[in-house]
Each structure stands twice: as C-alpha cells, then as structure tokens.
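Asker: Chains as they are written, first to last, in my numbering: chain A, 1 to 250; chain C, 1 to 484.
Please keep in mind that the hints were generated in silico from the structure rather than gathered at the bench.
Treat the hints with care, since some could be wrong.
Unchecked claim - Taking lysine to aspartate or glutamate pairs in the DMTMM-like style, the calculated list, with each CA pair at most 20 Å apart, reads:
(1) Lys84(C) x Glu23(C)
(2) Lys461(C) x Glu69(A)
(3) Lys473(C) x Glu69(A)
(4) Lys155(A) x Asp432(C)
(5) Lys90(C) x Glu166(C)
(6) Lys461(C) x Asp121(A)
(7) Lys112(A) x Glu445(C)
Please read these numbers as outputs of a predicted model, since none were measured by experiment.
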Amino acid sequence: MLEIKDLHASIDGKEILKGINLSVKPGEVHAIMGPNGSGKSTLSKILAGHPSYEVDSGSVSYEVNFKNEDLLELEAHERAQKGIFLAFQYPIELPGVSNFEFLKTSFNEICKSQGVDELDDEAFDKFVREKMKIVEMRDEFLHRPVNQGFSGGEKKRNEILQMAVLNPHLSILDETDSGLDIDALRVISEGVNKLKKSSNAIILITHYQRLLDYIKPDYVHVLSGGQIIRTGDSSLAKELEDKGYDWIVS
Amino acid sequence: MSKVSSSTEEIVNSEYKYGFYTEIEADEVPFGLNEDIIRLISAKKKEPEWLLEYRLKAFAYWQKMTEPDWAELDYPPIDLQKIKYYSAPKSVSEADKPKSLDELDPELLATFEKLGIPLMEQKRISGVAVDAVFDSVSLGTTNKETLDEVGVVFCSISEAVKDHPELVKKYLGSVVPYQDNYFAALNAAVFTDGSFCYIPKGVTCPLDLSTYFRINAQDSGQFERTLLVADEGSFVNYLEGCTAPQRDENQLHAAVVELIALDDAEINYSTVQNWYAGDENGDGGIYNFVTKRGKCQGKNSKISWTQVESGSAITWKYPSCILQGENSQGAFYSVALTKDKMQADTGTKMIHIGKNTKSTIISKGISAGESKNAYRGLVKVMPSAHGARNYSQCDSMLVGDKCAANTYPYIEVKNKTATVEHEASTSRISEDQLFYLQSRGVDPETSISMIVNGFCKEVFKKLPLEFSVEAVKLIEMKLENSVG
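Could you build the full structure based on these sequences and the hints that come with them?
Answerer: Next comes the structure, spelled out in structure tokens:
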C-alpha cells in the first residue's frame with residue numbers, strides 16, 4: 001500500500017532524509033527505530049504532508065481502493081481524507097475548540113470526501129462514546145478543549161481515540177509511547193491492537209523497544225543518518241535494547 | 001459542519017449577501033447640514049418644541065467642535081454637507097403611515113424578509129419583538145400585544161416622543177450628553193429614528209427585544225438614537241443587527257445608544273454589526289462612528305455589552321458603562337474582525353463610581369488581509385469606588401502578515417482598595433495548529449475558521465443562541481479567502 005523510493009528531504013535547506021526506501025503492505029506493522037536526530041519524525045511529517053518540509057527527490061506511492069496515488073502531490077488534508085493518519089508526538093492544543101467538535105468535524109470531512117453519509121450530533125455522540133472505551137477515556141474529555149490541560153498520557157490517548165474514530169488505512173504513530181507510564185502504555189497499546197486489521201497497516205516510530213513488547217511488529221527498521229541501515233524482525237529490536245544504537249550505527 | 005460549509009459556499013459567489021438595494025420612492029431632505037435642515041427634519045417628524053430646541057442647542061455646540069483624530073484610523077475628511085440627513089420611504093411618511101406592519105409596502109416587507117427578518121405576523125421569529133428601522137424611519141414594531149400585557153414599551157423613538165414624552169425628556173442625553181463628543185453632538189442635532197424601550201418595575205421582559213437597522217438610500221447617512229430604560233428589578237435582553245447595500249461611496253452611520261439600569265435591573269445588549277465593509281481595495285463601505293454607553297444608576301444593577309463587529313470600512317466604537325450604583329456590574333464582551341483594508345478602533349470604558357462595583361472586559365480582535373484592528377479601553381476607578389474590581393483580557397489574533405493589531409489599555413485608579421487586572425496577548429494562527437487540523441482531513445479554510453471560532457468562544461457564548469449561530473457563520477464567511 002505504501003512504496004517509498006529513494007526519498008530525500010530537507011528542512012530550511014538542511015538535508016534530513018538521504019535516500020529512504022520502504023515498502024508497506026496491508027496488515028503489516030512496521031517499527032522504525034533509531035537514535036535521536038536520525039530523521040524518524042521528519043519521515044512521519046513528510047508522509048502526513050507537513051508544509052515546512054521540502055522533498056528534494058524520490059517518490060512515495062500510496063495505494064488505496066485499488067488506485068495508486070502520488071502521495072507527494074496531495075495536500076495534508078487530502079492525504080487524511082484518503083486514509084493516512086499521523087498520531088502526533090506532541091499533540092497540538094486548540095483553545096476553545098471542543099474535542100467533540102474537533103472529532104466530529106474531522107470524521108464528517110472524511111466521510112464527505114469519501115461520499116459516505118455524515119453523522120449528526122446525536123449519532124456521532126453515540127459512535128464516539130463507543131470508541132472512547134477502546135482507550136478507556138472518560139466522557140468529560142469530549143467537551144474539553146482539544147488537548148488543553150490534558151496530561152501527557154491523556155494527549156496520547158486522545159490521539160489513539162482519533163485513530164479509532166477516523167479508521168485510517170495507514171496509521172503512523174510518532175513516538176506514541178514517549179512520556180507514558182506503564183499503565184497508560186498498556187492501555188494505549190491494547191487500543192492500537194484492537195484497531196489492527198488485515199486491511200490496514202501501521203508504522204510505529206519509536207526510540208525504545210518497550211512499546212514493541214505490546215504491539216508486535218512484522219518488521220523492524222533502523223533509521224540512522226537519514227537512511228534505513230538495517231531491517232529485521234522483532235528480534236532486531238531486542239538486540240538494540242541490549243546493545244544500544246552504537247553497536248549498529250558505528 | 002455540513003450546514004456551515006453550504007453557507008460558506010453561498011458566500012464565495014456573493015461576498016456580501018446583504019449588499020442589495022431596494023428601489024423605493026423616498027421622501028428626502030436636500031443635501032447639507034444647517035439649522036434649516038434640522039428644522040425641516042423636526043417638522044417632518046412633527047416634533048414638540050422642546051426637542052427642536054434640544055437639536056438646535058446640540059447643533060450650535062457641535063459647530064464649535066472639531067472631529068477627533070486620536071483614534072488609529074486613517075480616512076479622508078468626511079464632507080458632512082454632502083449627506084442627506086433624512087430619507088424615508090414615501091409610503092411610511094408621517095402623513096399616511098400604515099397602521100400595522102402587515103399593511104406595509106410589499107417592497108419593504110420583501111426587503112426585510114431577504115435580510116432574514118420576516119415582519120409579517122404569521123412568519124415572525126418567535127420569542128423576539130423586532131423594531132425595523134429603514135434609513136431614517138422605523139417601519140414598525142412586532143409583537144406589541146405581548147409586550148403591552150406586561151407594560152413593556154417598545155417603539156420607535158419618534159413614537160416615544162409623542163406617547164411617552166416625560167420618559168424621553170427625563171432620560172434623553174442623560175447618559176450621553178450632546179457635549180460628550182463630536183459625533184454624539186452631530187447625532188443629537190440630526191437623529192432621525194431608533195428604538196425606545198422601557199421595562200417597568202419588576203418586569204422580566206417576556207420577549208427579547210431587537211432592532212434591525214437597514215441603510216438603503218444613496219447619499220444618506222443613518223443617525224439613529226436608541227434609549228433603553230430598565231426600571232427597578234427588571235430584566236431585558238436586547239439585540240441589534242445592521243446591514244447596508246454595497247456601494248463605491250462611503251456612507252456615514254453615527255448612532256447614539258443610551259442605557260439606564262435602575263436598582264437591581266439588568267440589561268444585556270448584544271450587537272452583530274455587519275455593515276458593508278467596502279471592497280478588497282478599500283473602496284466604499286460604512287463609516288461607523290458610534291457612541292454607546294450604559295449607566296448602572298441603581299444599586300446591584302447590571303449592564304452587559306456583547307458585540308460582534310465584522311463589517312464597516314471604519315469602526316469607531318466604545319460601548320461603555322458608568323458604574324454609579326453600589327455593587328453594580330458592567331461587562332464588555334467583544335469580537336472585532338477586520339479584513340482587506342478595514343480599520344477598527346474599538347473597546348470600552350468602565351467608569352467605577354459606586355462602592356464594590358465590578359467590571360469585566362473580554363476583547364478578541366482578529367485581523368486579516370491588510371486591515372488594522374485596535375483595542376482601546378479605559379478602566380477608571382474614582383475615589384468613591386471602594387472595593388472596585390476590574391478584570392480585562394484583550395487577545396489579538398493575526399491571520400497573515402500584512403495586518404496589524406494594537407492594544408491601548410488606559411488604567412486610572414484613584415482608590416487604593418481597588419483591584420484591577422489586565423491581561424493581553426497577541427498570537428498568529430500557528431502552522432502547527434493548521435497542520436494538526438489538516439492532518440485530520442479538515443481543509444485549510446475550515447481549519448482557520450475553527451481556530452478563530454475557538455478563539456472567540458468566550459464571547460460567542462454570551463450571545464443569545466440564535467445570534468451566536470449567526471455570529472459563528474458570519475466570522476466563517478468573512479474569513480473566506482483570507483488564507484494567505
């Protein structure tokens with residue numbers, strides 16, 4: 001479903017990605033690991049269409065409903081409408097915009113673009129409350145402003161709630177495990193596992209192996225210096241945990 | 001969301017949907033401003049001698065005044081001799097004024113229907129009594145019977161002069177004397193119509209009262225005068241809306257609104273101002289110079305101003321409260337949006353005189369395009385105002401990088417027991433917020449309006465429900481195409 005070929009990208013004239021190749025198929029879970037500054041977050045933002053990053057060369061092809069799209073030609077909201085989802089490492093606060101309004105607008109904008117009937121307040125309320133159970137979120141979060149005054153863990157839960165509501169084709173979870181205590185990590189990981197399907201794929205971006213104890217990846221890639229320098233199965237993550245990144249990077 | 005986006009689509013085709021003009025035979029006075037014109041207006045309105053005298057005194061005073069230039073506004077001098085100070089549809093002239101709204105000229109009924117204010121009995125919006133003002137005259141007031149039952153007086157100020165002269169005499173100019181400022185003096189000399197409202201002792205007004213101001217005639221100006229008196233222990237919600245045709249020339253609107261709240265009375269005054277703002281080059285649009293002031297005369301009285309200012313080429317407006325009664329409270333909640341080449345200098349004055357008086361100011365300014373948006377506010381605590389408290393919060397949001405926002409808070413405290421708090425912030429819509437919304441499938445324009453609506457929420461929730469829905473839509477419409 002996703003085919004990245006020789007992707008080079010930069011921000012403010014500084015090259016961050018130096019030739020990424022990656023192929024993701026439906027039903028797969030890919031973990032991308034790597035030391036700080038290796039380009040993990042850049043890759044996730046480029047896939048989601050952040051306007052600050054410049055793609056210098058290479059291609060990203062994305063297949064959805066048997067149609068191949070040149071992902072790099074689409075604007076961020078069009079990518080989301082076609083089923084790409086990015087769970088933010090640092091979720092953004094939207095003062096005065098209630099979580100309910102935010103979720104409902106996103107959901108309905110995506111429905112509209114796909115020609116599916118939109119939900120009214122009442123129907124959406126019922127729908128979203130079901131989804132909140134997946135990440136064990138309390139109802140009160142619905143009517144609070146988006147991410148404002150949320151703890152780190154609550155913000156991350158809220159990201160996975162959005163994933164549950166929007167039902168994406170390809171989810172990219174950017175350091176969703178960072179800043180979580182062990183209970184929150186368990187709840188969130190279980191939530192993600194419940195959302196896994198044979199028709200969708202997940203890219204997990206993480207610094208640590210511990211997330212992979214909960215969500216088992218099919219592939220582990222090590223990103224360093226803007227390139228994938230090694231690919232293996234989940235045992236590679238274990239090895240990294242034991243030996244650190246220096247072992248592989250040097 | 002579906003509702004909102006369909007309304008924005010409509011607007012892409014017609015930027016300002018109230019910009020139409022109604023072809024109607026008008027009774028007008030000649031161009032110019034002089035004593036004869038004032039006498040003529042007064043005669044047309046068959047006014048009593050005392051009112052003509054009041055007008056002439058104001059005019060004499062005004063002639064000695066100069067136009068204020070302290071506001072952050074840049075506009076060519078206004079030639080007051082090139083304005084017609086009275087223009088009214090012939091069919092509503094004093095001689096044969098229709099007895100009920102249903103007998104109005106169908107053209108006029110159609111005009112208000114098009115503006116979303118149906119006046120015909122069977123079509124009226126429930127829960128609201130409307131006074132419809134068209135150029136220089138009030139066409140009439142709806143739902144009079146319901147108000148009569150509880151003794152609420154709601155009529156045009158011209159009618160009030162005839163039917164309730166003692167009240168008008170007592171309160172007209174008592175909050176905004178004609179000596180107050182240049183535009184207030186001008187208004188006192190030439191005002192034509194506006195609403196009058198009196199809520200008797202202990203009455204909670206059973207309907208929201210509303211005045212809709214429509215400027216239609218070319219070369220005219222609108223000089224309305226509104227006077228609202230809430231007697232002891234009464235309560236009223238008052239709403240005001242305004243629109244004008246789209247023209248290349250500027251038109252002047254110089255209104256005066258006076259509110260009086262006696263002991264334990266409460267007045268909530270809300271405005272959604274959508275005068276024509278001129279085109280993207282800054283041609284045309286209304287010059288809006290308005291003096292609005294409320295006096296909390298009695299103890300425990302409350303006056304609250306809520307305004308959404310989204311139109312006019314120039315806005316010069318400072319709805320204020322004089323907190324005279326002990327424990328009285330004043331509030332000012334404002335959203336001012338400017339775009340293209342619009343200029344707004346708006347804010348409030350809170351004058352604390354009585355003991356333990358309290359005031360709240362929440363101002364949200366949004367500037368887009370090449371517009372200028374200034375908040376100007378005065379909090380003054382007099383020596384007598386023991387224990388006075390004020391809280392002010394002024395936030396500005398910039399959309400794009402060619403606009404400007406400024407905040408000018410003036411604080412004068414003459415009593416040591418007073419507490420005055422002021423907070424201010426300026427922000428730009430952040431790229432991160434936009435990207436966050438877009439990464440959830442929301443297009444850039446909807447994203448901006450969501451962020452702006454969130455920014456204004458504290459003010460919008462102070463508006464009556466229907467107005468609040470309108471305000472949200474209005475802001476969305478106005479922000480169309482302002483994404484740079």
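Asker: Tell me the hint numbers this structure goes against, listed in increasing order.
Answerer: 2, 3 and 5
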